[in-house]
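Asks: Quick mapping for you: the protein sequence lines, in order, are chains A and B. According to our numbering, the first sequence is numbered sequentially starting from 50. According to our numbering, the second sequence is numbered sequentially starting from 3.
Any given hint could turn out to be false.
Lysine to any residue pairs mimicking SDA-like chemistry, simulated, CA-CA at most 25 Å apart [to be verified]: (1) LYS206/B to SER33/B; (2) LYS68/A to PRO483/B; (3) LYS197/B to SER371/A; (4) LYS197/B to LYS287/A; (5) LYS568/B to LYS600/B; (6) LYS422/B to ASN369/A.
The set of hints was computed from the structure by calculation and includes no laboratory data.
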Amino acid sequence: MENILKLTKEDFISDQMVKWCPGCGDHAILTSLEKIMPQLGKKKEDILIISGIGCSSRSPYYINTYGFHGIHGRALPIASGAKIANPNLSVWVTTGDGDCLAIGGNHFIHTIRRNMDIKIVLFNNEIYGLTKGQYSPTTPLGKVTKTSPMGTIEEPFNPGELVIGAGGTFFARSMDMNLKTQEEILLAASQHRGTAVTEILQNCVIFNNGAHAYINDREHRADRLIHLQHGKPMIFGKEMNKGIRLSPNSYQLEVVNIGENDITVDDLLVHDIHQEDRGVHMMLARMKAPDFPVAVGVIRSVIRPIYSDLLIEQIVRAKNSSTITNADELMQSGNTWNVE
Amino acid sequence: MTEKKSKVIELEEVVVKFAGDSGDGMQLAGSLFADNTATVGNDFATFPDYPAEIRAPHNTISGVSGFQIHFGSKLVISSGDIADVLVAMNPASLKANLNNVKYGGTIVVDADTFVGDGITKAGYTNSPLDDGSLKDYHLIAAPITSLTREAQKELGCDNKTADKCRNVFALGIIYYLFNRELESTFKYFETKFAKNQTIVEANKKVLAAGYNYAENVDANKTTFIVDKYPLKKGKYRYITGNSATAWGMIAAAEKAGLELYLGSYPITPATEILIELENRRDLGVKAYQAEDEIAGICSAIGAAFAGALAITTTSGPGLSLKSEAIGLAVMTELPIVIVDVQRGGPSTGLPTKTEQSDLLQALYGRNGEGQVVVIAASSPGNCFNFAFEAAKIALEHMTPVILLTDGYIANGSEVIPVPKLADLPKITPRLAKANDPNYAPYRRDEKTLARQWAIPGTEGLRHRIGGLEKENITGNVSHNPENHQLMATLRDEKVQRVADVIGDQKIIGDQEGDLLIVGWGGTYGALKNSLDSVKKKYPAKKIGLAHFNYINPLPKNTEDVFKKFKKIVVCELNFGQFAKYLKINLPQFKYEQYNKLKGLPFFVSELVDAYSKLLEE
């Protein structure tokens, strides 16, 4: 344990040259990851980072842990196999909106459904970066890209909705440059036993520069983002005078101004990350501009058994109740006969 | 059981086929007869043959389900092609199987079903029982349905319940014909249905009723005895190919001191391997039913990286889906075994029928130069040995290995001596040592060219690998043209060097001469039997059989084997995929071909005809 405590960010910087574009949001995410790695309470050899294909998926090369750069969309099954084979590993997956939600969409929902104990860091820049500017499953409707010259005619996915809809136990969101929130939620993800999905709204300077500018604009972001914190009322705004409440008429979320129409802080929703029911978390994950502030921070964190624990439980139970303890006994079992 | 039979004939070998509607319990009747055959001490092999539909339309040809058993006082290596005895529970099953019953053979039918639209649905205009078309056979037209109901009357079973035992009545008739004892099957009923004494009683009564019926109506006719096969002293069992494959992997994991991991997705006819391993949590097997084929193999790659003996199992269409990931395993040089239980293709093809047409896919079905080791099992029993061998090669040479079996040997079963772990060779995984200062991800063993396996958790050896081309030794990403060629060559050479450990190709029969029969994989039984038959027909000719289990790399002496014969005929259940491969690798020889693509195994007779033409040219 002593060695673990002594680890620093430097222990996790690899000798490989980082080849992301200057100004890319990925650099900030990398820094956050390197900073939280020493805090996992794990030996550095027990950390494994796995990825698929895309700019985000180059990150295993840049972090000095065990790492595996997989194939397009398949990071999660690779990670699942590794975690099942060795549950002691802290398994991380770095992935992008294309890798994770298009070609890897099926694996994404099933990994979440199983509550596989994997930390998924989803870099969402709403575009295909490494393949140079085609629209992704999170590109807003109507956006002109190389492969949607007249604008996309596809409704985008909201990753949070997918996570919560698939029965996810942990979902958090941050902005790439907001290192403080990012480290806070990545640490929270690391401590969550189960599939922890952290969506990072990330800026691609080359193909989708400013994709998140509307919500992240320095001047307006206090009004367009809400940092949710467990146990705290949902307040935001430059003047901290806005809040989120459940509308008494429609049972939907609404933005209200504190002090208007007799509304006080007590009328606002208090964030409860542990609420089992998915309803409010789903609504919070779905909030989008311009009608709502976009939620960052940990949105949902509930406890459900993880796959590898359940599997090991079954193995222990099977071992305790079986008379077969090795291959020889198996081969001798059932219908055999002796020839004298 | 009174001994008043006038004529008992001793036979060396017999083929019995049970055929009926899917749902008539033919697989169960066949399995019970196989169990009973084991108690007699015959050697035997079985083959279940069933439709892709769970319950195809009643009384139709497409709904016919069959179970064939070949047993003898001599070594039995195939499920046989022509049946000596056919049980046909309805007209459709008679129609579907009559062509494969020996002239003069015995046919047992349920006469009660040869009425009304059962006859027309099978495509008959009149009942074949009455029109003389079966005069060349010994026909036992038993009213099985009515006698089965009668036998259970005092138990108060309604007709629907009673009819479920029709298969057992037919089985009773077969027991009489082969002078079998009923006790062991009674015991089976007592254990199997322990919770419901009525069912135990019903089955016992019906089995005895079938036996007694045959004795009463047939007492003056012939019954048969097949002597024990003089097996060497020891413990025996019978096993299906799919179970043997699963057990071979379990044995390999234990021998290698590793956990066994399976990532798989259900697909016919490979699913039983998944089921078998899911049932082995007691041995710590981590079998994982993934969301699709791709996830199945990718999870195996992840498990291999993390240090397990990792396998994935599938059939043809699933192998297609796994292609990209096999390439990843080639590039990362991780040990995984991909089991492909071949079935009729292309596409969904013939899911429940056998074929050998995935060979080229296994050899070449990847982007880039992505060689893998390809080996093929050739009998239900040796699926065990080759599964073990596949794992050993993967772990000791750090390469993906594709193990080919097929529907015929996977579903078929045969008698094997119970394998013992102590008799199996050692497996030494190439695990890297903690803090080894010389470790580099792609540093290789000089002899095998295998890299070392540093699994996460190993201190001092953190490294990163992946699908991008690797720099020699360091494993860093490299787009250097010289390095790419070097690495591709090393990966190829590593696979070719597996030839150093697989031993020589053997020739069965004459070691040189007129005709070499060449085959691979699941056709071994039929080809070996065809060799024996053709040698009887042409005693003056020198004929040998080279049956391949190692496909890539080929055994080193393959050229020497081929050189010794005037003619070579390659027999495959495809259009000539192995022949094509041989033409590429050993173009100096002329390869004749015999190919069949009907979803069925070879028949000995058709093979002998094919050889005869070549021998008489």
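Asks: Does each hint hold? Answer for all of them.
Replies: So, going through the hints one by one against the coordinates:
| no. | hint | in the structure |
| --- | --- | --- |
| 1 | LYS206/B to SER33/B | holds, 16 Å |
| 2 | LYS68/A to PRO483/B | holds, 20 Å |
| 3 | LYS197/B to SER371/A | holds, 21 Å |
| 4 | LYS197/B to LYS287/A | violated, 74 Å |
| 5 | LYS568/B to LYS600/B | violated, 30 Å |
| 6 | LYS422/B to ASN369/A | holds, 24 Å |
Checked against the numbered hints given earlier, the structure breaks hints 4, 5 and satisfies all the rest.
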